[in-house]
Amino acid sequence: MKYRTLGRTRWSVSEIGYGMWGMAGWTGSDDDESLRSLQRAVALGCNFFDTAWAYGDGHSERLLGRLIHTNPGLRLFAASKVPPRNRQWPSQRSHTLEDCYPPDHVREYIERSLKNTGRKSIDLMQLHTWEDAWLDDDRWIQELMRQKALGHIRAIGISLNRWEPWNGVKAVQSGLVDCIQVIYNIFDQNPQDELFPACRAHDVGVIARVPFDEGTLTGALTLESTWPEGDWRNTYFVEENLRSSVAHADALRPLIPAGRSMAEIALRFILSEPTVSTIIPGMRKLRHVSANMATSDAGPLNDPLLQALYKHRWDREPTDWSQ
Numbered sequence: 001m002k003y004r005t006l007g008r009t010r011w012s013v014s015e016i017g018y019g020m021w022g023m024a025g026w027t028g029s030d031d032d033e034s035l036r037s038l039q040r041a042v043a044l045g046c047n048f049f050d051t052a053w054a055y056g057d058g059h060s061e062r063l064l065g066r067l068i069h070t071n072p073g074l075r076l077f078a079a080s081k082v083p084p085r086n087r088q089w090p091s092q093r094s095h096t097l098e099d100c101y102p103p104d105h106v107r108e109y110i111e112r113s114l115k116n117t118g119r120k121s122i123d124l125m126q127l128h129t130w131e132d133a134w135l136d137d138d139r140w141i142q143e144l145m146r147q148k149a150l151g152h153i154r155a156i157g158i159s160l161n162r163w164e165p166w167n168g169v170k171a172v173q174s175g176l177v178d179c180i181q182v183i184y185n186i187f188d189q190n191p192q193d194e195l196f197p198a199c200r201a202h203d204v205g206v207i208a209r210v211p212f213d214e215g216t217l218t219g220a221l222t223l224e225s226t227w228p229e230g231d232w233r234n235t236y237f238v239e240e241n242l243r244s245s246v247a248h249a250d251a252l253r254p255l256i257p258a259g260r261s262m263a264e265i266a267l268r269f270i271l272s273e274p275t276v277s278t279i280i281p282g283m284r285k286l287r288h289v290s291a292n293m294a295t296s297d298a299g300p301l302n303d304p305l306l307q308a309l310y311k312h313r314w315d316r317e318p319t320d321w322s323q
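Reading the sequence shown from the start, the letters are residues 1 to 323 in the working numbering.
Simulated from the structure, these hints should not be mistaken for lab results. Heads up, some of the hints might be wrong.
Claimed, not checked - Ranges between beta-carbon positions, derived for each pair:
#, residue 1, residue 2, range
1, R200, H69, 24 to 30 angstroms
2, Q39, W227, 24 to 30 angstroms
3, S12, W166, 25 to 31 angstroms
4, K115, A201, 34 to 40 angstroms
Just so we're clear, the structure is a prediction, and the values are computed from it rather than from any experiment. Glycine included, every Cβ here is placed at the ideal spot set by N, Cα and C.
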């Protein structure tokens with residue numbers, strides 16, 4: 001495992017982190033299997049774990065707390081998120097700070113995260129949605145700074161809405177946030193335009209999420225793919241999105257080198273961007289943990305393959321199903 005610096009925090013974090021949404025928000029989750037997978041990741045050098053109160057109403061946070069308690073001699077970084085008060089993902093231009101992150105709400109959910117994880121401090125606390133317009137109301141940052149002064153959190157971040165990396169550039173330029181979490185993958189290359197240059201200029205850490213485009217870039221998605229009733233993916237992979245996603249993945253297949261998987265190439269594509277501090281793929285199976293962690297040793301892609309993959313940029317606009 002290789003490590004990178006998480007912006008101005010100066011924390012040395014594993015290139016491959018761990019996204020913990022699927023352990024509480026998707027069907028088929030099993031706590032014993034999840035804990036075995038988390039521990040395997042630790043054994044392979046992973047030290048950055050991203051969760052949120054919204055992942056099972058604190059269930060994922062409690063799993064992370066158990067992992068950290070089991071490994072008292074290791075420095076494992078815990079990142080979590082305050083849910084919007086109106087429970088709307090993503091945020092809309094019409095949402096105000098009062099709708100989503102008034103100070104008492106931020107304070108309440110930091111306290112909940114501390115209780116769930118059993119920790120005195122959360123390393124990185126993020127707002128789970130974001131609108132750059134909220135910079136005009138400084139109550140959110142005042143409360144987060146107060147929590148930081150109390151030692152309840154160590155760093156401040158925001159998680160950007162799907163397919164809207166532009167809606168965070170002003171936050172980075174403000175100097176108020178330590179980290180940005182954004183969707184970045186072979187298809188979603190938009191952060192390269194404005195967001196990444198701003199992060200480099202202001203020494204803001206970058207957490208790349210959704211590296212497999214919710215499963216499309218694993219190469220396993222087909223037009224016949226289905227999920228159990230109640231699974232989040234049923235509301236995301238509506239017919240319009242499923243057909244388009246499969247078509248885009250199929251167009252990539254001729255570029256995948258022999259003996260390599262699409263998932264490996266997807267992660268190594270992101271590792272080829274030095275602005276990214278860590279990637280947080282979701283993993284629930286031991287085999288996925290082993291395969292994903294190994295991509296750090298394999299390293300960035302060669303330039304000819306990178307240039308070919310850049311041509312597969314897919315610019316999308318948020319819709320009522322993109323969440």
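For each hint, the structure was consulted:
Between R200 and H69 the beta carbon distance is about 36 angstroms. The supplied range of 24 to 30 angstroms is therefore violated. The given range of 24 to 30 angstroms is respected by Q39 and W227, whose C-beta atoms sit roughly 27 angstroms from each other. The beta-carbon spacing between S12 and W166, approximately 30 angstroms, falls within the hinted interval of 25 to 31 angstroms. At about 37 angstroms, the CB distance of K115 to A201 agrees with the hint of 34 to 40 angstroms.
Going through the hint list in order, the structure does not satisfy hint 1, though it satisfies all others.
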